[in-house]
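> Fit chain B to the known structure of chain A by using the hints.
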Amino acid sequence: MSRKSKKLKAEMWDRMQFLFRNYYDRMVHLKLVYEGRLDISVLKQVIVYMVEKAPVLHSSFNTTVLEPYWRKENYTVDDILSVAQSDDAEFDADLFLAGTIPYDNNVQIKIAVFEQTGDSVKTVLALRVNHMCMDGGDLKYFIGALANNYNCLKRGEYGEMRMKSGSRSYDQIYSKFEGEDLKKARGLYKNVSKIKDHVGFPWSEPSDSDINRIIRREIGEADFAAIRSTAKKLGVTVNDALMAITFRALYELCGLKDDDSLTVSCAIDLRKHIVEGGAKGGLTNHTAWLACRTLERGETMSDTLVNVIRSMKTFKRDKFMGLYSLPLLKLAYTIFPQNIAEFAIKKGYDNPLLAVSNMGQLDAQKLSFDGSTLKGGFISGATKYKPFFLMSVTTLLGRMTLSTAIRGSAADVAVANRYFDLIEKYLREFIEL
Amino acid sequence: MAAEIEIVSILKPRYKDFLEGEFRQIAPTKAAMEYRKQLLQQLLDRTQELNIRGIVDPDLIFKTTIDELGDIVCLLNDFEEREQRSEDLKHKLSTGTAVAIAVIALIAIVYVIVGAATGIWHPTWLILLGGIFSSLILLMIFASLKLLKKRKVIPVRFMIAASEILVTVFIFLLLQLVFHISKSWLIFLAMVAMLFGSDTAMAFLAGSKGRWIELPIFIEVLCVMLYVILGIALAPAKIWHPGWLLCLGGVAVAVVEFICYTVGKSRAKDAAEEKSEGKKQDEAYWTQWDD
Chain A
99 MSRKSKKLKA EMWDRMQFLF RNYYDRMVHL KLVYEGRLDI SVLKQVIVYM VEKAPVLHSS
159 FNTTVLEPYW RKENYTVDDI LSVAQSDDAE FDADLFLAGT IPYDNNVQIK IAVFEQTGDS
219 VKTVLALRVN HMCMDGGDLK YFIGALANNY NCLKRGEYGE MRMKSGSRSY DQIYSKFEGE
279 DLKKARGLYK NVSKIKDHVG FPWSEPSDSD INRIIRREIG EADFAAIRST AKKLGVTVND
339 ALMAITFRAL YELCGLKDDD SLTVSCAIDL RKHIVEGGAK GGLTNHTAWL ACRTLERGET
399 MSDTLVNVIR SMKTFKRDKF MGLYSLPLLK LAYTIFPQNI AEFAIKKGYD NPLLAVSNMG
459 QLDAQKLSFD GSTLKGGFIS GATKYKPFFL MSVTTLLGRM TLSTAIRGSA ADVAVANRYF
519 DLIEKYLREF IEL
Chain B
36 MAAEIEIVSI LKPRYKDFLE GEFRQIAPTK AAMEYRKQLL QQLLDRTQEL NIRGIVDPDL
96 IFKTTIDELG DIVCLLNDFE EREQRSEDLK HKLSTGTAVA IAVIALIAIV YVIVGAATGI
156 WHPTWLILLG GIFSSLILLM IFASLKLLKK RKVIPVRFMI AASEILVTVF IFLLLQLVFH
216 ISKSWLIFLA MVAMLFGSDT AMAFLAGSKG RWIELPIFIE VLCVMLYVIL GIALAPAKIW
276 HPGWLLCLGG VAVAVVEFIC YTVGKSRAKD AAEEKSEGKK QDEAYWTQWD D
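Protein chains in written order, with my numbering: chain A, 99 to 531; chain B, 36 to 326.
Just so you know, the hints here were simulated from the structure itself, not pulled from any lab data. Note that the structure is predicted; figures quoted are calculated from it, not measured. Check before you lean on any hint, since a few could be wrong.
Unchecked claim - Think about it this way: if two alpha-carbon atoms lie no more than 25 angstroms apart in a straight line, the pair counts; the simulated SDA-like pairs of lysine to any residue are:
1) A:K370 to A:T499
2) A:K282 to B:A66
3) B:K184 to B:A236
4) A:K414 to B:K184
5) A:K282 to B:Q73
6) A:K282 to B:S121
7) A:K411 to B:P48
8) A:K411 to A:G318
9) A:K288 to B:P190
10) A:K331 to B:I45
11) A:K428 to A:K444
12) A:K330 to B:Q76
13) A:K331 to B:L75
14) A:K355 to B:E84
15) A:K411 to B:L79
16) B:K65 to B:S121
17) A:K417 to B:A67
18) B:K72 to B:Q119
19) A:K294 to A:L426
20) A:K444 to A:M114
21) A:K445 to A:L193
Stated by the list, open to error - DEER-style ranges, computed between Cβ atoms:
22) B:E69 to A:E374: 48 to 56 angstroms
23) A:S265 to B:N112: 49 to 57 angstroms
24) B:L182 to A:G285: 31 to 39 angstroms
25) B:V134 to A:D358: 28 to 36 angstroms
26) B:A197 to A:K281: 23 to 31 angstroms
To be verified - Here are a few chain A residues that face chain B, going by a calculated C-beta distance under 10 angstroms:
27) K330
28) V334
29) L360
30) K411
31) R415
32) L531
Think of the CB as a built atom: it goes at the ideal place given N, C-alpha and C, for glycine as much as any other residue.
In isolation and in its complexed conformation, chain A is listed as follows:
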């Protein structure tokens, strides 16, 4: 193989996520708990099959003065997959998830299988991947494809095995636009990262002893069903409800006055703008933020919900939702060499202090490996550095998992748990509407 063919283009979002190393550890985390054992030999083959189709996963990121690039690296499946017996598989999986992958590593994904020892047949599959390679949306696809391919290989149905391997370019998001709309979408040179409110999560002061931690809270089936039912009754989405609950919890946790304004950024999947939802493209990032802002807390949960949906509607009704700033970023990366582009973008970009990323439902059916039963799991976003805060939300088997990953101390765990307590408190208020 020639040296040239070993290079892969570093796409705009790869470079943006590289820039985000200043705000978080660039890892996306997944944990799935099964009853039953996985066939490791089959799993290894499937992993290699998929990683070969997505070369960015076995590449190192190389920075140069002008333009960074990915370089395909040699690897073995053992660089990616580790298997261990464990007395406490879930604990060990959590420890594994706290790790990171250097951007110049030969592989950008790490998968661990922990088999519970003793009488239990519990198996925990943990995965962490460089956010520069894919976002939560494509991680959902990846794990679904992994389970599907595993099952197909076990049954010898080679024709049913799949793995998308198309373009990773950001500009697929314009594929549904044409004519004037396309022209307008490509001309949205507006910096929307600047927000008016600078309220931060009350994390403790950063310390050298801080470590990566994922704190989570599970909302049970009954409560989640009640949220869905109330949301349906009121004609709002579960995400709207979650945002309203989050706003009330943050007003209280951050000690804001009732008439203070507050902005919480909400992740949006840009694949809605792509033909076939990006099924033809490769693994990449297609996520943007919209800044949901309320000017006051609102006396009741109803008031807060009204404030939230008013803010959200202005975004939802915009056919260019999430597409602002992208031409500006592209321009900066096109005309400036890497270091200057990073400097300029970092100067102009405000990473959201408070954010929610609702990755939606994980399909238990699609995540099942033959011979084992899925019992639970979640996806969590990158481990943020203080003062940033991100709440990741996934739903699986009718249960909703809220999680936040932070490089912090035991005190920060307590703050996060206090936040989740408030979430549960306001969740009840919402259910009673």
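Positioned in the frame of chain A, the structure of chain B alone reads:
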């Protein structure tokens, strides 16, 4: 996407009927249709909000939302007026553009005819350039008049400056290419003074706060440019010395003007204070008691 709630499903047809009926009072245009849809969305949003806040009676929600719209007749009349104004403006703008294009086309024809008849294509191309510049200046005058009506002075000041630059460039080309006058480039120095002069005049006309600051700057620039132009134009006559006194004179005039301005302002302030004191005194005469 959230499903449509029952109350919205109930009220949507009623809102549609209501809006369809009311919109018959105004002309059936595409803009009116868009506005009607916008009002429906507004009513539906409000319905959802009221429902979230606890009103479940559809009739009450209907009444509340329609009341919140205000006087629908006024609303629609206002909309029509806005549309009419927008249409008028578009018409005038398109007329202005058409006139400008016609002028350019006419001048292009004149240029071709003159060129073909005389066989001289250079510098007759100045006719074409003059036409384009004239059209641009006409457009800027037209836009300036519109902007002045809206009291938007800053873009007008820019347009005046742009017009002056175009005129200067044209005159320079004329002097250089047709009349072969050496040192015709000096007109660009005059242009600088002219730009300051016209902008100062505009500042005074518009009552701009900085007009008294701008005036001495203009005077000084005028003197300096005059000094340089005369110095170069009248060479070899040595007027550089004592011509520099012109610059100094400019500074002196500017200083005097600034002193007068400061003194005047101070006096005006004193007068205002005296007046205020007087008012206080009068008030005391009217209302003060000895107890």
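> All hints are to be evaluated individually against the structure, with a verdict given for each.
Structure-based check of each hint:
At roughly 24 angstroms between alpha-carbon atoms, K370 of chain A and T499 of chain A fall within 25 angstroms of each other, so this suggested pair holds. The hinted pair formed by K282 of chain A and A66 of chain B meets the criterion: a straight-line CA distance of about 21 angstroms does not exceed 25 angstroms. Between K184 of chain B and A236 of chain B the alpha-carbon distance is near 18 angstroms, which keeps this suggested pair within the 25 angstroms criterion. For the suggested pair K414 of chain A and K184 of chain B, the alpha carbons sit about 38 angstroms apart, so the restraint of at most 25 angstroms is broken.
For the given pair, K282 of chain A sits about 22 angstroms from Q73 of chain B by alpha-carbon distance, which is consistent with the 25 angstroms threshold. Between the alpha carbons of K282 of chain A and S121 of chain B the distance comes to roughly 23 angstroms, so the proposed pair stays at or under 25 angstroms and holds. Between K411 of chain A and P48 of chain B the CA atoms are separated by roughly 22 angstroms; this keeps the pair inside 25 angstroms, and the hint holds. For the hint linking K411 of chain A to G318 of chain A, the alpha-carbon distance of about 29 angstroms lies beyond 25 angstroms, and the restraint is violated.
The suggested pairing of K288 of chain A with P190 of chain B holds, with an alpha-carbon distance near 23 angstroms, which does not exceed 25 angstroms. Distance hint between K331 of chain A and I45 of chain B is fulfilled; the C-alpha atoms sit about 14 angstroms from each other, no more than 25 angstroms. With a C-alpha separation of about 14 angstroms, the suggested pairing of K428 of chain A with K444 of chain A holds against the 25 angstroms cut-off. Straight-line distance between C-alpha atoms of K330 of chain A and Q76 of chain B comes to about 19 angstroms, which keeps the hinted pair within the 25 angstroms bound.
Taking the CA atoms of K331 of chain A and L75 of chain B, the gap is about 21 angstroms. The hint holds against a cut of 25 angstroms. This hinted pair checks out: K355 of chain A and E84 of chain B have alpha carbons roughly 23 angstroms apart, not beyond 25 angstroms. About 12 angstroms separates the Cα atoms of K411 of chain A and L79 of chain B, which keeps this hinted pair within 25 angstroms; it holds. This hinted pair checks out: K65 of chain B and S121 of chain B have alpha carbons roughly 14 angstroms apart, not beyond 25 angstroms.
Of the pairs offered as hints, the one joining K417 of chain A and A67 of chain B holds, with about 21 angstroms between alpha carbons and a cut-off of 25 angstroms not exceeded. Taking the CA atoms of K72 of chain B and Q119 of chain B, the gap is near 20 angstroms; set against the 25 angstroms cutoff, the hint holds. The suggested pairing of K294 of chain A with L426 of chain A holds, with an alpha-carbon distance near 20 angstroms, which does not exceed 25 angstroms. For the hint linking K444 of chain A to M114 of chain A, the alpha-carbon distance of about 10 angstroms falls within 25 angstroms, and the restraint holds.
Taken as a hint, the K445 of chain A and L193 of chain A pair is broken in the structure, with Cα atoms around 35 angstroms apart against an allowance of 25 angstroms. The hint said 48 to 56 angstroms for the Cβ distance between E69 of chain B and E374 of chain A, and at roughly 31 angstroms that hint is violated. Distance hint check for S265 of chain A and N112 of chain B: the Cβ-Cβ separation is about 53 angstroms, which falls inside the suggested range of 49 to 57 angstroms. Between L182 of chain B and G285 of chain A the Cβ separation comes to about 26 angstroms, which falls outside the hinted range of 31 to 39 angstroms.
Between V134 of chain B and D358 of chain A the beta carbon distance is about 56 angstroms. The supplied range of 28 to 36 angstroms is therefore violated. The hint said 23 to 31 angstroms for the Cβ distance between A197 of chain B and K281 of chain A, and at roughly 28 angstroms that hint holds. Checking K330 of chain A against chain B by beta carbon gives a least distance of about 6 angstroms; that is within 10 angstroms, so the hint holds. For V334 of chain A, the suggested interface contact is upheld, since its CB lies about 5 angstroms from the closest CB of chain B, less than 10 angstroms.
Because the smallest distance between the Cβ of L360 of chain A and any Cβ of chain B comes to about 19 angstroms, over 10 angstroms, the interface hint for this residue is violated. A distance limit of 10 angstroms between C-beta atoms decides the matter here; for K411 of chain A the minimum to chain B is near 7 angstroms, and the interface restraint holds. With a least beta-carbon distance of about 8 angstroms to chain B, the hint placing R415 of chain A at the interface is held under the 10 angstroms criterion. Because the smallest distance between the Cβ of L531 of chain A and any Cβ of chain B comes to about 7 angstroms, under 10 angstroms, the interface hint for this residue holds.
The structure does not agree with the numbered hints 4, 8, 21, 22, 24, 25, 29 stated previously, though it agrees with the rest.
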